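> Same order as they appear, the protein sequences are chains A and B. Residue 207 in full-length UniProt numbering sits at position 207 of the first sequence; the count goes up by one each step and never skips. Residue 242 in full-length UniProt numbering sits at position 242 of the second sequence; the count goes up by one each step and never skips.
Worth flagging that the hints you see were computed from the coordinates, not collected in a lab. Note that the structure is predicted; figures quoted are calculated from it, not measured.
Copies of the same chain look alike in the list, so a pair counts if it works inside one copy or between any two.
With a cut-off of at most 25 Å between alpha-carbon atoms, the simulated SDA-like pairs for lysine to any residue come out as follows:
1) Lys157 - Val177
2) Lys74 - Val166
3) Lys157 - Ala147
4) Lys157 - Tyr144
5) Lys74 - Val177
6) Lys157 - Asp332
7) Lys157 - Leu92
8) Lys244 - Thr287
9) Lys157 - Leu143
10) Lys157 - Tyr341
11) Lys157 - Glu181
12) Lys74 - Asp167
13) Lys157 - Asp167
14) Lys157 - Arg173
15) Lys74 - Arg173
16) Lys157 - Gly145
17) Lys157 - Ser91
18) Lys157 - Ala335
19) Lys244 - Arg260
Spelled out from the first residue to the last, the chains are:
Protein chains: 2
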Amino acid sequence: MSWTITAEDIPGLARGAAVLGTGGGGDPYIGALLAAQALRQHGDVTVVSVDEVPDDALVLTVAMMGAPTVMVEKLPSLDEVVAPVHALSASLGRPVTHIACAEVGGVNSTIPIAAAAALGLPLIDADGMGRAFPELQMVLPTLYGVAASPLAFGDEKGNVGVLNTVDNSWTERIARVACVEMGCSVMISGFPMLGSQAREALVAGSLTLCREIGDGIAHARETNTDPVQHTVRLLGGLELFAGKVVDVERATTTGFARGRARIENPDTMLELFFQNEHLMAQLDGRTLVTTPDLIMVVEHDSGEPITTEGLRYGQRVRVIAAPSDERWHSADGLAMVGPGYFGYDIPSHRFDGRVEGLAEEAA
Amino acid sequence: MSWTITAEDIPGLARGAAVLGTGGGGDPYIGALLAAQALRQHGDVTVVSVDEVPDDALVLTVAMMGAPTVMVEKLPSLDEVVAPVHALSASLGRPVTHIACAEVGGVNSTIPIAAAAALGLPLIDADGMGRAFPELQMVLPTLYGVAASPLAFGDEKGNVGVLNTVDNSWTERIARVACVEMGCSVMISGFPMLGSQAREALVAGSLTLCREIGDGIAHARETNTDPVQHTVRLLGGLELFAGKVVDVERATTTGFARGRARIENPDTMLELFFQNEHLMAQLDGRTLVTTPDLIMVVEHDSGEPITTEGLRYGQRVRVIAAPSDERWHSADGLAMVGPGYFGYDIPSHRFDGRVEGLAEEAA
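Here chain A stands alone, though its shape is the one from the complex:
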């Protein structure tokens, strides 16, 4: 069933996307500004479900690549957003029919809305991850054999490149070094897919879920109910911890914002490890949840999402977890985005909404 995104829908969508973005995907408010401007300028965007996409559609993902710490200072123009799509379409020799989100996350759920508006194309109610991950090959389409390339990238200066690589990890490697050289933030468009492939490989319903989470946070505030519990229920998740941010270590290296954060309450300490996104949560040294499952940090009272680059000393936050798309727990999925890939020498275990010793009402 198709629906329409108007400028008024953007704040809710961006808020929900930033929750699902597990700390990554850039500042939701920055991307929301751009999307709202695009909708006002070019008209509303039609969102279609994966079931409505014709088999022979040509679907491209559109995203911002780089360090979120840099993205917040380099909001792209609409020209910059669509330049890689035009370059890729020219390289493919046929017109694009649908835009899709590579991931959910602040900027990377709203940038595709801006692209769809500026290009006058429908947006698919889906994304490639069901969350955010730091590297471009980390999407479910990779598991289905969809090539990331041809993939186009472009910067605010007008430089554009198109890659054709032997596998999706090489697309990431070459695009990443180009991204770093071009100022640590570029627009990309890639993963050309037929409609039939998109239906199989994407996570269906992501944008609807983002809207429900975002609207729920706003509604809870109006009705004076707990926004965090609403989010937790929507995701089949669990609140892991509530406390105060007491330490954040952060470094922008090789194009990523890497670091860790410590959150304390009178009894215990939760430590979060991130690389653009939160990848592991440890309670007093005990691992509770790891990538690919979702670890999200929200403001204690408002339930507003906090990105990894937005974490600050003294913030009172709650940390929630939710199961990832189950396909990430396949052997190939874990090889691509499991703890081992990110250098954490711990076994991956599947989070099913429970953690031993933590009751759902513990929060």
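Starting from the structure of chain A, add chain B where the hints point.
Just chain B, lined up with the frame of chain A:
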């Protein structure tokens, strides 16, 4: 007047090109093997003078980009050599008619011969520099406003990219980081030019000059005359120094082979500074010759060229200098390839074949 390159011509051409390559452009013998193989497999290559190129010809340069220290261990296949040309031709939407050398220098004079043979295209008797330089924007066509991009690059694994950049320095920057990530050596094709542009912007007659230098070295050996004096006369140059290599410092950083070499004789010491190519020669601390003029190191007796990565302790060598194409001494030329660009805080002065205190017969 057109002429033909056969496999038998390759050693002489490669030898002469390595002399003019001022230490850069990679090992001449490696590139010669590939060119000779291509000629045997695909037939001889026709070389046409710039005057014979039609105004509406589509000319592309073909070259190897990267650190010569790596190139010698990664000889490309013919498929790898032509892949960027095919990618670029597809991007331009029209067939290539002529191949040109971006620079003269070991690999980068013979690789275009291999490309021309494999593609069945004529090669232009010219190059973009009249010598070798370490960065891709450093060609005379840049001074004439010819864009380096669209420029294609590819590696031995099959990864290919096509760049469209806002200026030639950005082509260099992005291609360079991709090159480093792809293993410090890639094949590139770029600087699409009309025949009329090629005639104006290239250094005419380079391949003929390479052949004359190379053949002269072989002939001098057969006739027991001095090969170095023959080279010096052909170039209107000067022998600066004769001595023994006593020290070579070398580091492969950010995709370049950077370093310096000290050469001594009983009376004095000559120091050479290089970044892939020799860029400055100092005699007991006094600057004799600087980029853009040519500084070349050859074996003392045989007159065979020695590349910067081939410099070894104990070699007995002679160092010769020759004036560059005069267009490099324009203000724009010096801004691009003068001593200041490479970080040497010395004024550029034009080498006219003489150095005060050094007579032409001093050697």
